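**Student:** First to last, the protein sequences are chains A and B. For the first sequence, the working numbering begins at 201 and goes up steadily by one. For the second sequence, the working numbering begins at 201 and goes up steadily by one.
Keep in mind that the hints were calculated from the coordinates and are not lab data. There's no promise every hint is true.
[Said to hold, decoys possible] Some chain B residues near chain A, calculated using beta-carbon distances under 10 Å:
1) Thr224
2) Phe241
3) Val300
Because the structure is a prediction, the values reported are computed rather than measured. For every residue, glycine included, the Cβ atom is placed at its ideal position computed from N, Cα and C.
Now for the letters of each chain:
There are 2 protein chains.
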Amino acid sequence: MKAQLNVVTLGVSSLEASYDFYATGLAWQPKLYVLDEVAFFQVGHGLLLSLFRADHLAAEAGGSASADLAQLFTLGHNVGSPDEVDHILNVAATAGGSIVAEGTHMSWGGYSGYFADPDGFRWEVCHNPGLSVDAEGNVTIREIG
Amino acid sequence: MKAQLNVVTLGVSSLEASYDFYATGLAWQPKLYVLDEVAFFQVGHGLLLSLFRADHLAAEAGGSASADLAQLFTLGHNVGSPDEVDHILNVAATAGGSIVAEGTHMSWGGYSGYFADPDGFRWEVCHNPGLSVDAEGNVTIREIG
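Use the sequences and the hints to build the structure in full.
**Tutor:** What follows is the structure, encoded as structure tokens:
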């Protein structure tokens, strides 16, 4: 598995309140904002910060590892195909991690699964055909579902 | 505040076990490994993943926001000077965040403080004279304390 982090996803209790903080308070420009569902901000070369409803994140990431749902978050590792997603999940399991959600076709059009590291930190391994990064590191993300 | 994420820090219960998972299991090359304290891996253009003892992280980041200490993590935003750290903390507070640890000179030689977003997710605003990023995005990190 390549040492590569593409997305940090924060599971938020109120997307509207979080969006207001980052987009209005800090004046960050969103890349994509899907009302009551998810918002993306570019925070580096090829790097996204995602605000995602905590209940939806918990449902797809194999449940909340924490009693405090609002502290749920995931680290995203993007790959080029569904087969690569399954391969990386197996690599992580062999390395001593545990698969907490098998690779699956997502309602939004991609394919992803999750593994947990020794402390339970969740990595989403994801194939997202709607996401691309140009040579300057600029991310384009669009809805494909 | 610029939309910029430089470091993701995971508060880990056993640094040795976590290090073994990432460095041995996943075969990631560490940038710096300080035994029983912290390890850094480069996971993108100018981007670090840091494994840090959870008890030390909680102590410096204004306590654990979660009942489950192992789920503590922080998002790092690097700036050029201690004054900028203090300025950004105030920007975040004005935006509706809360300062959970005021800017302070750290034992390792830098200056940092923490704010929390509306869900309590912690951002470390940090001036680290030991960290540099070249034009290709390669990170160099060295001990300066």
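**Student:** May I ask which of the numbered hints given earlier this structure violates, with the numbers listed in increasing order?
**Tutor:** 3
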